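Participant: Kindly produce the complete structure, drawing on both the sequences and the hints.
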Amino acid sequence: MISPQQEVIIDVLVDHKPGVLYTVSNLFRRRAFNISSVAIGTSEKDRVARMTLTMRGGEKEAVQLVKHLENLVDVIKAEIVDADKAVVRELALVKMAPRPEDRVQILSFVDVYRARIVHLSDDSIIVEASGDTDKIDAFIELSRNFGLKEVARTGITALSREQKSTESESQGNDVGW
Amino acid sequence: MEMSGANALIEALRREKTQAVFGLPGGAIMPVYDVFYKMQDLPSELSIRHVLVRHEQTAAHMADGYARASGRVGVCMSTSGPGATNLVTGIATAFMDSSPLIAITGQVARPFIGKDAFQETDIIGVVTSVTKYAFQPRKAAEIPQIVKAAFRIASTRRPGPVVIDIPRDVQQEMGVVEFTDQPIPRRYVPLPDPDPGTVVRMVDALMKAKTPLIIAGGGVKIAEASQELVALAELLMCPVATSLMGKGCIPEDHPLSIGVMGMHGSSETNHVVPSADVLLIVGSRLSDRTTGNIDKFCPDSQILHIDLDKAEIAKNKTPTISLVSDAKKALKAVHAGLANCLARKRGSPWFQKVKNDIDLFALEKDGPYLSAVRAIRLLRKLLPRETIVTTEVGQNQMWSAVHFQAYGPRQFITSGGLGTMGFGFPAALGAKVARPDVPVLDIAGDGSFAMTENAMATSIEERIPVTVVILNNRMLGMVAQWHRMFYGRRYSSVKLGRSPCFPKLAEAYGAAGVGVQDYKELSDAVKSALTSEIMTIIDVPVSPEENATPMLAPGAGLEEAAIA
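Read top to bottom, the protein sequences are chains A and B. For the first sequence, position 95 matches number 94 in numbering that gives the first Met the number 0, and the numbering has no gaps at all. For the second sequence, position 542 matches number 541 in numbering that gives the first Met the number 0, and the numbering has no gaps at all.
For the record, the hints were derived by calculation from the structure and aren't laboratory data. One thing to keep in mind: the hints can contain errors.
Said to hold, decoys possible - Okay, the calculated beta carbon distance ranges per label pair:
(1) Lys-84(A) / Glu-385(B): 56 to 66 angstroms
(2) Pro-99(A) / Ile-112(B): 49 to 59 angstroms
(3) Lys-138(B) / Leu-20(A): 20 to 30 angstroms
(4) Tyr-36(B) / Glu-58(A): 51 to 61 angstroms
(5) Glu-58(A) / Gln-181(B): 40 to 50 angstroms
(6) Ala-85(A) / Phe-178(B): 43 to 53 angstroms
(7) Asp-110(A) / Pro-298(B): 57 to 67 angstroms
(8) Glu-385(B) / Ala-85(A): 55 to 65 angstroms
(9) Asp-294(B) / Asp-101(A): 51 to 61 angstroms
(10) Glu-58(A) / Pro-499(B): 49 to 59 angstroms
(11) Glu-559(B) / Leu-141(A): 52 to 62 angstroms
(12) Cys-340(B) / Val-62(A): 31 to 41 angstroms
(13) Ala-563(B) / Lys-84(A): 50 to 60 angstroms
As the list claims (entries may be wrong) - Heads up, simulated DSS-like pairs for lysine-lysine below, C-alpha to C-alpha not over 27 angstroms straight-line:
(14) Lys-309(B) / Lys-295(B)
(15) Lys-59(A) / Lys-314(B)
(16) Lys-76(A) / Lys-316(B)
(17) Lys-314(B) / Lys-66(A)
Just so you know, these numbers come straight off a predicted model, no measurement behind them. Using N, Cα and C, we set each Cβ at its ideal position, and we do this for glycine too.
Facilitator: So, in structure tokens, the structure goes:
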């Protein structure tokens, strides 16, 4: 299913409270897991935050990381996301300073990538692109031809397409410990 | 009811039936110590004993020793900053050996947090890697629930240390606090019972086994599963090896016990383990010191692994069948499954062969000094069966692991995971506080003992009599041994010289100290120490050349030839 040395996505639900990010990131560092991105935000439940991690490694390491994560008191649930059965997205903001003659061309490639121009001024434009990592990588590569200045990426966030049972409904409201 | 945070803390500790707190005061914890002061007049069943230490590291080790001897949560306390950082070695020691410890630290007042105030250390940041959890109450009213949760986290599932870091102004502030005996709502729940299907598969594998063997680790002690372990071993008539942390979970004079395996295990034990066709591993994380080179570990054996921490399954070695469970429940379930289909064996050719191969007492030797090995075997003969023995770290520890038979699960206390020199003496004091009814003895080296010798003051002032036998080779012996074996006898910074004279040092503290010259004197000294009202140091001169053998070279597999 997962070949060695690829990006594995892990979905983690945590108590939304101070210090959780430190505890989780400290685990990667101390056990030498190779994390390439972390995206955090609120979830559908009060007091529960969703962290989407991507790690470089094989399935064995990912399974081990999930076990360690689930041992943390503040972690409600951790699981490996099957990318084939999930929506996987990353958002990037890309700032370019194109030559005047390139502006029209930018508009067309922004369209091809289903990106949007969110800022436009005399000397710069900012494009918002979202999609999977490969698409964002390709978009940024192309932007280099048009005076690429700065990139900000959110890191991957993902949701399984499967209908999840709500068996853990009450958990979000319990005290974590 | 309305009370201060400091009062709430002590009341919460009392409700958790805390008998003793080991600690040392300072600026950021003074409101709590004021409560201790006021408690002095209360009858003992309403108060908590405070044991004053001379260095916070020993407070953590004492609380840890208390926990390991009794199975109850040990509590230590310090001020902020250096007080808290001094606890860290003790917290890490407890973490590595899964010992239930609560460390309460003072913190600077809330308005000063993050301002680099005097004696401010971000202790939660410091200890995150070596604790199960860390709390920082921000209101007095939070304290009762936090203390309750801390005890639960420290003592359930895989036990471990928890820190409660309390800002000084939270200790002082008055708040409306509520104490409830109701369990707090929580996700953090005990584990379910062992999966019946997996138990059936394990039973099946053990039924088919011709040469089964059990490796028992510290988890068996924590789960209080010694009886279940022995019952299963007797049903299977199979030998039981232990890790260092598991030492004593089967009485080592039990016919099925084959002693401690691993880097310093006897060669016979280490050779028998890989010849098992089915290995049942219970409550052991299979550390490198237990398995030798993990890539060479028992390649031909079917491995059944029981551990209550799922992260330990397949962390170091991938098992054939694994069961995430408390050791007691799992051993009971496997035993029940086997008992249904297996008539109790009278004997087993496999086991006879094992017993013929292993003669743990074949190693005796002597020399110009007192032999450490002989001294330790003599101690076993002299000490009552129920004696709790602690060790320091290094040669003294490995000699004790091999040559001092432990007869019960909470009777051999050692820093196995972290290997903390200076642990054994304060841990012995903590053990004695928990079990004043039994003799407690620390088998020490001169290097280790010197690290926490200031705890002698605590022993005398608090009237906690223990015995310390120092196997004195005037060396950092284990490092010197490595120099001999692997560094061409280049002794780099291991010679400790003649200082101090330990019996005189003992006298300076008001303790008893005696130097012995032969086994008769050692015997007399131990006998009198056991009945003494004050602690005794017995200084035993041993050869700086005596090695703790057998020993597997680093990187060697269990079956490879050990250095004898």
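Participant: How does the Cβ-Cβ distance of Lys-138(B) and Leu-20(A) compare with 20 to 30 angstroms: does it lie in that range?
Facilitator: holds, 23 angstroms
Participant: Does the beta carbon distance between Glu-58(A) and Pro-499(B) stay inside 49 to 59 angstroms, or does it fall outside?
Facilitator: holds, 57 angstroms
Participant: Can you tell me whether the CB distance of Glu-58(A) to Gln-181(B) sits inside 40 to 50 angstroms?
Facilitator: Since Glu-58(A) and Gln-181(B) have Cβ atoms about 42 angstroms apart, the given range 40 to 50 angstroms holds.
Participant: Between the alpha carbons of Lys-76(A) and Lys-316(B), is the straight-line distance 27 angstroms or under?
Facilitator: holds, 25 angstroms
Participant: Between the beta carbons of Ala-85(A) and Phe-178(B), is the distance compatible with 43 to 53 angstroms?
Facilitator: Since Ala-85(A) and Phe-178(B) have Cβ atoms about 46 angstroms apart, the given range 43 to 53 angstroms holds.
Participant: Does the Cβ pair Ala-563(B), Lys-84(A) satisfy 50 to 60 angstroms?
Facilitator: holds, 58 angstroms
Participant: For the pair supplied as a hint, Lys-309(B) and Lys-295(B), confirm whether the alpha-carbon distance does not exceed 27 angstroms.
Facilitator: holds, 23 angstroms
Participant: Keeping to a limit of 27 angstroms between CA atoms, is the pair of Lys-59(A) and Lys-314(B) held or broken?
Facilitator: holds, 9 angstroms
Participant: Given a hinted range of 57 to 67 angstroms, is it respected by the beta-carbon distance of Asp-110(A) and Pro-298(B)?
Facilitator: Roughly 60 angstroms apart at Cβ, these two residues keep to the hinted range, so it holds.
Participant: Starting from the hint 31 to 41 angstroms, judge whether the C-beta atoms of Cys-340(B) and Val-62(A) obey it.
Facilitator: With a Cβ separation near 33 angstroms, Cys-340(B) and Val-62(A) satisfy 31 to 41 angstroms, so the hint holds.
Participant: Is the hinted pair Lys-314(B) and Lys-66(A) satisfied, with a Cα-Cα distance of at most 27 angstroms?
Facilitator: holds, 10 angstroms
Participant: Is it true that the C-beta distance of Asp-294(B) to Asp-101(A) lies inside 51 to 61 angstroms, as the hint says?
Facilitator: Check passed, 57 angstroms falls within 51 to 61 angstroms.
Hint compliance for this structure: every hint is met.
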